Amino acid sequence: MDLNHPLPIHDFSPDTLISLVERIDSSSGFQHFIFREAELDDLWRQVERALVHAQSDADASRDVDRLRTLLECVEAAHDLVSESKKEEAMAQLQAGIRAQA
Amino acid sequence: MLNAQDNELMCRVGPGTPMGEVLRRFWQPVLISEDLPHPDCDPKEVRLLGEDFVAFRDSDGEIGFLEALCPHRRAPLFYGRNEEHGLRCIYHGWKFDAAGACVDMPSEPAQYEFSKKVRPIGFPTREWGGIIWAYIGPQDRVPELPELEYCRVPAEYRNLVKYNQECNFVQATEGDIDSSHIGFLHTRLDQKTAPASKEMLWRVNDQAPRWIIQPTDYGIMLAAQRNAEEDTYYWRINQWLMPYYTMIAMDLEQKRGHGHIWVPVDDEHTDVWCVIWSPVEPLTQAERDGILGGPNPHISSLDPSTGKLRATKSNHFLQDRHVQRTQTFTGILGVREQDTAVVEGMGAIADRTKEHLGTSDSAIIAMRRYLVNSAKAFVEGREPQEPYDGGLYRVRAWSYELSRNIDFMESDKVRELMGTMVV
Ligand code: FES
Ligand SMILES: [Fe+2]
Numbered sequence: 000m001d002l003n004h005p006l007p008i009h010d011f012s013p014d015t016l017i018s019l020v021e022r023i024d025s026s027s028g029f030q031h032f033i034f035r036e037a038e039l040d041d042l043w044r045q046v047e048r049a050l051v052h053a054q055s056d057a058d059a060s061r062d063v064d065r066l067r068t069l070l071e072c073v074e075a076a077h078d079l080v081s082e083s084k085k086e087e088a089m090a091q092l093q094a095g096i097r098a099q100a
Numbered sequence: 000m001l002n003a004q005d006n007e008l009m010c011r012v013g014p015g016t017p018m019g020e021v022l023r024r025f026w027q028p029v030l031i032s033e034d035l036p037h038p039d040c041d042p043k044e045v046r047l048l049g050e051d052f053v054a055f056r057d058s059d060g061e062i063g064f065l066e067a068l069c070p071h072r073r074a075p076l077f078y079g080r081n082e083e084h085g086l087r088c089i090y091h092g093w094k095f096d097a098a099g100a101c102v103d104m105p106s107e108p109a110q111y112e113f114s115k116k117v118r119p120i121g122f123p124t125r126e127w128g129g130i131i132w133a134y135i136g137p138q139d140r141v142p143e144l145p146e147l148e149y150c151r152v153p154a155e156y157r158n159l160v161k162y163n164q165e166c167n168f169v170q171a172t173e174g175d176i177d178s179s180h181i182g183f184l185h186t187r188l189d190q191k192t193a194p195a196s197k198e199m200l201w202r203v204n205d206q207a208p209r210w211i212i213q214p215t216d217y218g219i220m221l222a223a224q225r226n227a228e229e230d231t232y233y234w235r236i237n238q239w240l241m242p243y244y245t246m247i248a249m250d251l252e253q254k255r256g257h258g259h260i261w262v263p264v265d266d267e268h269t270d271v272w273c274v275i276w277s278p279v280e281p282l283t284q285a286e287r288d289g290i291l292g293g294p295n296p297h298i299s300s301l302d303p304s305t306g307k308l309r310a311t312k313s314n315h316f317l318q319d320r321h322v323q324r325t326q327t328f329t330g331i332l333g334v335r336e337q338d339t340a341v342v343e344g345m346g347a348i349a350d351r352t353k354e355h356l357g358t359s360d361s362a363i364i365a366m367r368r369y370l371v372n373s374a375k376a377f378v379e380g381r382e383p384q385e386p387y388d389g390g391l392y393r394v395r396a397w398s399y400e401l402s403r404n405i406d407f408m409e410s411d412k413v414r415e416l417m418g419t420m421v422v
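Line order of the protein sequences matches chains A and B. With numbering that gives the first Met the number 0, the residue at position 49 of the first sequence is 48, and numbering never jumps. With numbering that gives the first Met the number 0, the residue at position 262 of the second sequence is 261, and numbering never jumps.
Just so you know, these hints were derived from the structure itself, not from any lab. Please read all numbers here as calculations on a predicted model, not as lab measurements. Treat each hint with caution, since some may be false.
What the hints assert, rightly or not - Just a few of them, taken from the derived set where beta-carbon distance is under 10 Å, the chain B residues facing chain A:
no., residue
1, Arg209
2, Ile212
3, Tyr217
4, His321
5, Thr358
6, Ser359
7, Ala362
8, Arg368
9, Asn372
10, Ala376
As the list claims (entries may be wrong) - Label-pair distances were calculated between CB atoms; the ranges are:
no., chain 1, residue 1, chain 2, residue 2, range
11, B, Ser179, A, Asp64, 33 to 39 Å
12, A, Arg97, B, Asp350, 28 to 34 Å
13, A, Arg67, B, Glu409, 46 to 52 Å
14, A, Arg67, B, Gly293, 53 to 59 Å
15, B, Lys412, A, Ala90, 41 to 47 Å
16, B, Gly13, A, Ala94, 34 to 40 Å
17, B, Pro303, A, Arg65, 56 to 62 Å
18, B, Ala376, A, Arg61, 44 to 50 Å
19, A, Gln99, B, Arg46, 47 to 53 Å
Said to hold, decoys possible - To be clear about the criterion: a stretch of chain A counts as covered by chain B if any three or more of its residues have a C-beta under 8 Å from a C-beta of chain B, and this derived list gives those stretches:
no., stretch
20, 1-7
21, 13-21
22, 62-69
23, 73-87
Each residue gets a CB set at the ideal place from its N, CA and C atoms; glycine is no exception.
Using the sequences plus the hints, can you model the full thing?
Here you go:
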């Protein structure tokens, strides 16, 4: 696992979230947490785009609550990672995974 | 993305704010030496970190940097008479020397010696590297000057110019470490078909460089690795140094350096210093002329009478849509005008809660985090360390073609390039 570079994020599937949890778990030090923060920024914009879409599309409206919860979890994880609080950040992402199930 | 609280913490620079206090631990570049060209010349108004000052050069050439308002009845000292080793207030004639001590109080009876009882209103200053520096932080911890390469070369090797930008210093600084904008904002449309140099060709051919983002004692080191020839990489190294210095990679021969200083005037204004220098030879007149003029100027519209650009938000930075269609990506003339259009357009203080950053923005995330951490550490009682070791600033930004086999972090050649050649 190369922790000194950000992993490009393409979706917010459970697999992606799990890999991000693992990457946070293995991280230590300023440099690692910069890249974990960048990954969560990337993830955040994917979820946000999906939420905006769900809010405007009647067919997807049942996803709104689920996506909103996930976005909140990702945002919280992002801020926690930026303070190097990895246990709390991982817990937020795990809550995000559960909210999607 | 940065939450609103951290954004505030990072951007507010006034007295008493955490970031403002961190910034006050450093020497501040306030004027170019030529702004006060000779003894007893006209004083200059300076606004710095949300506070107002007046700077003057006394009869011996010493620099005075004083509170802007006279302690008597708060008249602006800027209007004062610069005469015989001091600046004399035009209201009732109180006079202050370069250290800010009141040395004459003609409106008061001499026997009371009031002048000795007035608190000095001056701050420490230095003149070095063509720059007038002032220190407005706690007087019991005066720091070291940053030993930047461009300050240590002879005056003929260096060109300094500055202008005032209408936005917060952090977003101004971010422009220099936002590596991915280089391939857009500052490009000509023919760059791909007619690259001007081999570096340009490498940049065009490898638009997705691999990045090393390394926290250091001075700030952040950014290294971009691009494919050059079959067995070589083209490396470009940039630095951001606490609290607001940026260094842009030199040319392959390491003969020309380029850096910026982003000094916060207040929360919503920044003095942008553009420094071009050579570590090895005097700059030519043609080079100096090309900075403010010619076909591809660094700054195209500087108005020396105001210290601002003539290209502004209200005239859309003189954007020429025809040129944009046919010649350049922006249709805006001047590298600084192009950057200024973008960063001023974000609003005085960018709302970073609304951004959509990605993994290519890691360098910006790193710089912000370094700043926010410094402010938070200060709140917890930990002082910044960078101001007290001027030697940290002896690094250089460089570019070089290196064998693909070298280990960048371990290479002696890299270490040699990273250090400065100027003693
Ligand atoms: S206000 Fe300056 S001398 Fe009175
Ligand atoms: Fe730029």
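Checked hints:
1. Arg209: Interface hint status for Arg209 (chain B): holds (8 Å vs cutoff 10 Å).
2. Ile212: At about 6 Å, which falls below the 10 Å cut-off, the nearest Cβ of chain A leaves the hint on Ile212 (chain B) intact, so it holds.
3. Tyr217: violated (14 Å)
4. His321: At 35 Å from the nearest chain A Cβ, His321 (chain B) fails the 10 Å test, so the hint is violated.
5. Thr358: Thr358 (chain B) check passes; min Cβ-Cβ to chain A is 4 Å, inside 10 Å.
6. Ser359: holds (8 Å)
7. Ala362: Nearest chain A Cβ about 9 Å off; hint holds.
8. Arg368: holds (6 Å)
9. Asn372: holds (8 Å)
10. Ala376: This interface hint is violated because 12 Å lies over the 10 Å limit.
11. B:Ser179 - A:Asp64: 33 to 39 Å: holds (35 Å)
12. A:Arg97 - B:Asp350: 28 to 34 Å: Holds, at about 31 Å.
13. A:Arg67 - B:Glu409: 46 to 52 Å: The hint (46 to 52 Å, Cβ to Cβ) holds, given that Arg67 (chain A) and Glu409 (chain B) are roughly 48 Å apart.
14. A:Arg67 - B:Gly293: 53 to 59 Å: Since the Cβ atoms of Arg67 (chain A) and Gly293 (chain B) sit about 54 Å apart, the hinted range of 53 to 59 Å holds.
15. B:Lys412 - A:Ala90: 41 to 47 Å: Holds, since Lys412 (chain B) and Ala90 (chain A) (Cβ atoms, about 45 Å apart) stay within the stated range.
16. B:Gly13 - A:Ala94: 34 to 40 Å: holds (39 Å)
17. B:Pro303 - A:Arg65: 56 to 62 Å: Holds, since Pro303 (chain B) and Arg65 (chain A) (Cβ atoms, about 59 Å apart) stay within the stated range.
18. B:Ala376 - A:Arg61: 44 to 50 Å: Check passed, 46 Å falls within 44 to 50 Å.
19. A:Gln99 - B:Arg46: 47 to 53 Å: holds (52 Å)
20. 1-7: Coverage by chain B holds for the stretch 1-7 of chain A (5 residues, Cβ < 8 Å).
21. 13-21: Since 0 is below three, the answer is violated.
22. 62-69: Answer violated; 0 residues pass the 8 Å Cβ test.
23. 73-87: holds (count 4)
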